[in-house]
Structures are given as C-alpha cells and as structure tokens.
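Start from the sequences and build out the full structure, keeping to the hints where you can.
Number of protein chains: 4
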Amino acid sequence: MAVFAHRNPVMFQHCDPAGIVFYPRYFEMINAVVETFFDQAVAWSFHQMHIVERLGVPMGRIAVDFHAPSRLGDVLDWTLAVDRTGGASADMVIRAAGGGEARLTVRGTLVLVDLDKMKSRRWPDRVRAVLESYAEDAA
Amino acid sequence: MAVFAHRNPVMFQHCDPAGIVFYPRYFEMINAVVETFFDQAVAWSFHQMHIVERLGVPMGRIAVDFHAPSRLGDVLDWTLAVDRTGGASADMVIRAAGGGEARLTVRGTLVLVDLDKMKSRRWPDRVRAVLESYAEDAA
Amino acid sequence: MAVFAHRNPVMFQHCDPAGIVFYPRYFEMINAVVETFFDQAVAWSFHQMHIVERLGVPMGRIAVDFHAPSRLGDVLDWTLAVDRTGGASADMVIRAAGGGEARLTVRGTLVLVDLDKMKSRRWPDRVRAVLESYAEDAA
Amino acid sequence: MAVFAHRNPVMFQHCDPAGIVFYPRYFEMINAVVETFFDQAVAWSFHQMHIVERLGVPMGRIAVDFHAPSRLGDVLDWTLAVDRTGGASADMVIRAAGGGEARLTVRGTLVLVDLDKMKSRRWPDRVRAVLESYAEDAA
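Residue numbers (the working numbering), protein chains in the order written: chain C, 1 to 139; chain B, 1 to 139; chain F, 1 to 139; chain A, 1 to 139.
In case anyone wonders, no lab produced these hints; they're calculated from the structure.
Since the model is a prediction, treat every value here as computed from it, not as a measurement.
Just to be clear, a hint being listed does not mean it is correct.
Since the list gives no way to pick one copy over another, a pair counts as held whenever it fits inside one copy or between any two copies.
[Said to hold, decoys possible] Derived lysine to aspartate or glutamate pairs resembling EDC-like cross-links, with alpha carbons at most 20 Å apart:
hint	residue 1	residue 2
1	K119	E53
2	K117	E136
3	K119	D91
4	K119	D65
5	K117	E101
6	K119	E101
7	K117	D39
8	K119	E136
Pasting the structure below:
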C-alpha cells in the first residue's frame, strides 16, 4: 500500500491580496503532483505521454474540500493515493498538509484519452499495475 | 428567479499543449464569474470587499464535472445561480457552455470571512437579499 | 496612423499579497492585447493561426518599463502601435494607463514562425499591410 | 564573484498549444528565481519581507531576450548575478539554459519599496553586502 509524497513551498506567485493561496493556484499544484506522480512513480513523463504518444489524463471530475488557508512561506506536504483503478480511469485522493495541519483534500477522476480522437483508452497493463500498487488502504 | 450570465473567450493563455483549456485556468474563470457577479449583481466589488472592508469569499468546497473540452477561440457562456443561502455561506451552481454544448458544471460553497480574524461572518442583509434573488428554480 | 485600443479590469487573479498587479500577470495581459489585435485588427485569430495554419508569433525580445503600480479594481486602457514591420518580425509599442496615469510601456519584437519547423516566415502581404497601417507616428 | 544557481523543470502548466513555454510563465519562473535568491542567498524570505516587514522588491524595468524555445520536460538551469547595486535598487542578470543551450537572458532592475507608502527604501547594509557579493565579473 504505497502512497506517493511530494512537497512544494507556497511562493509569492500563489498568493492573493489576502496573503493566502488563491485557490486556482492549488489546481496548478494538484496538476504538478499528478504530473510528478506519473513521471516518478509510473515512469511515464507528460512529455512522453502528451507529445510522443499523443495521450492525456484530463480530470473528468474533481472535488476539493479546503480545510484551512495556506500562507506565503508555508511548505505543503502532498500525498497521492489511487482509490480505484477503472478500465480507462483512476480515482485519486490527493491531500495537502502544512506543518501537520490538513489544508485540502482532493478527490479526482482521471481519464486516459487519445488526444487526437478525444476518446478514452484503456490503461496499458504496466501502468494499471503501478496505479493499483498505490491503492489507499480502505481502512 | 434570476440567473447571472457572463461570457468569456477561450484565449491562448488558457490552453495546454493538447490545445484545450488547462483545467486550472477554468478555476481562474470561475473566480472571475464570481467576482463579476459580486461586482455587477451584488454591487460589492472585490476591491471594496477585500481592501476596504477586509472581507473575502473563499471557497470552502468546490466540485466540478467536466463534460467536454473547450478549445482556443471558443466562447464560453457562463451562468451562476445560488442554490442555498446560509448564514455565512452560499451554495452556487455555475455552468459553462460553448456553442450550446455543456462544458462544465461547478457546485461551490462560498463562505464570507473576516480576513484579519479568518473567521466566518454573517452576510449583510442587503447582500443576503440579492443572493436569495438568484436562487435557481428547484424544478 | 491607427492605434489599437483595448481595455481590461484588474481582477483578483492578477494581484499579489501587496494588493497590486503581480508583474507576470501583466505579460498575460500583454499577450491578450496582442491576441485581440490579431483577431480584431488583422482578422487572424490565434485559433486560425496556431491550430489551422500552424504558425505563431512568439516574442523574440520584450522590454517593459513599469511606471506605477496597478491595483485591484483599476481599469487598464491599453494601446498597441507597430513601430516597424520587418520581413518576418514586427516591433510593437504597447502602453497601459489607468485613470489617465501611465502604468507600463512595453517594447516587444514579434516574429512570425512556422511552429513545426520553428523557423521564421515572411508576413503574408495582407498581414503586412495591416501591421503597417498601425505604425505609430514618429513625431 | 558568486553566481546564484537554480533549477526547475518545464512542466505542463508552463506550456502553450505549440508545446513550448508560454512566455508569461517565464516571468513566474524569473520571480521564483529572485524569490529563492532572497530566501537562500540573502536569508530574507518573501514572507518575512512582505508580510512581516511590509517591504517588496518589484521590478522597475525588465528586458528579456528569448534565444530558443523550451519544451515540456526540459530542465532549466538558471543563474542570477547582480550587475550593479544602487542605493535602493539592484540590476540583475538572470539567464536560463536547457541542456547547455541558452534559452533566455533577463536584465531587470529591482527596487526596494515600502509597500504601505509605495516609496523606495535604501537596502539594509547586510542585504547590500550580499547583493554586492553576487556581482558578475565585468570581464
């Protein structure tokens, strides 16, 4: 039961006039967590996936609960686990914490798509095996 | 039963290497719809709210279903309705369509907060009345 | 001697923790001014240019003087003029003012490029004629 | 003669429909290089500077030459040197390369400002000493 971990600092570019992270910037961070997961855990870089193979993993649905604001200089600790691996989709649970305090919880459904036909595609077996190895314990 | 309408073109800055809107950019657009709603419908500009009154309306929760991709040059037609107005919160339903085709549906809960204390605050009566006038028909 | 005019409000998404426009956001606005100029003045949309014809107009060089900060709620009035039209390039002068006060002056050199070969391309005659009609008076 | 070095990957969020870095995203990276320089080399975090001391270092002028495009998956190697340290300003030369190929050269002038009065402020002696130690060899 592996969990993927990632860390990024809250930088000036993420913050709004209230001095806290502007929530659209969280979605750039969420995308970066997913992109880094595919690069490091699945060994499938977005360059290889998008440019060479003309595939993508857009979100079909995403729901985010914001528990507490994050501020300039905070360090965010992210985890990513895969709740369910479907034929062409994957439900992910992504969480961010700062100094041990929960900041946001993301539930998102990725779909593997052929970018030229904009149709879904089954996960390659190798990729499915990695996704399943990141299943979150149902406890 | 009023519905707030807003329109924006999909520009180059919104699009990813697949030539479609990169989903974090949708959240900037969603924020712009909410900001324009407060400015035009509620007559409460984000400058007045954030800088003068030190209040904000961060999202406590947001869930988005992406129905179809949007492409460079599409024109997005947005609507915003208020599903439920709570003491210090409001549930909004925001939809975007392009050329009559549904692109995304957003359900978000805004909370009015005091930016200095980071505590929730009851809607002023005047604002509550406007929010209630944008209730979506429950049909 | 035509000058292209464009207007946009400073929105929440543009502002930093100091409550002023974060300068990378100005470059998104500058790109939007150029994109709108090509769409409206040249009648060459970025969709047509980039997706259909596989051409682009990246900046080869850009220099910006920031005269005064812009704040949330300001309305920016932009102008664009073409200083010099070269074989495959164009020198543009783009200015933004808010409430009559100069905010920034941009001098940028665009180059028309073939996106597949990443090589420069001569302006089509029709486009060159429009660019030349937006020459700024040398006075 | 110290030079500050920084590295970042080109990620999906930086790239445009042509598959190359959209130039406004470079300015976010440039700001991140400057922010990291102040944090690590000057030991003056943007949180401390902006939020606690209410000071900022906006660009007064910035000029960028783009030598070659950067693509999704490239790793950018940045360097920052201080050309000249004035009373309240600093001229910086920031360069990015990818795989040893020059991508862009930035010449920018930062000004230390009091964010409440929006007036320039002399560098603290400690900060000036660090800035001067990053002077680029005039060779």
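query: Can you tell me if K117 and E101 fall within 20 Å by alpha carbon in one copy, between copies, both or neither?
result: between (42 Å within a copy, 18 Å between copies)
Checking an output row: K119 and E101, CA cutoff 20 Å. Within, between, both or neither?
Close across copies (17 Å), not inside one copy (39 Å); limit 20 Å.
Quiz item: Is it within, between, both, or neither for K119 and D65, if the alpha carbons may be no more than 20 Å apart?
Solution: between (29 Å within a copy, 17 Å between copies)
ask   = Between the shortest in-copy and the shortest cross-copy C-alpha distance, which are at most 20 Å for K119 and D91: within, between, both, or neither?
value = within (18 Å within a copy, 33 Å between copies)
- Between the shortest in-copy and the shortest cross-copy C-alpha distance, which are at most 20 Å for K117 and D39: within, between, both, or neither? neither (24 Å within a copy, 28 Å between copies)
My question is about K119 and E53: at a cut-off of 20 Å on alpha-carbon distance, are they close within one copy, between copies, both, or neither? within (14 Å within a copy, 24 Å between copies)
Query raised in the report: Is it within, between, both or neither when you check K117 against E136 at 20 Å Cα-Cα?
Result: Neither: 32 Å inside a chain and 36 Å across chains, both beyond 20 Å.
query: What label fits K119 with E136 when the C-alpha limit is 20 Å: within, between, both, or neither?
result: This pair counts as neither: shortest intra-copy Cα distance 28 Å, inter-copy 33 Å.
Checked against the numbered hints given earlier, the structure breaks hints 2, 7 and 8 and satisfies all the rest.
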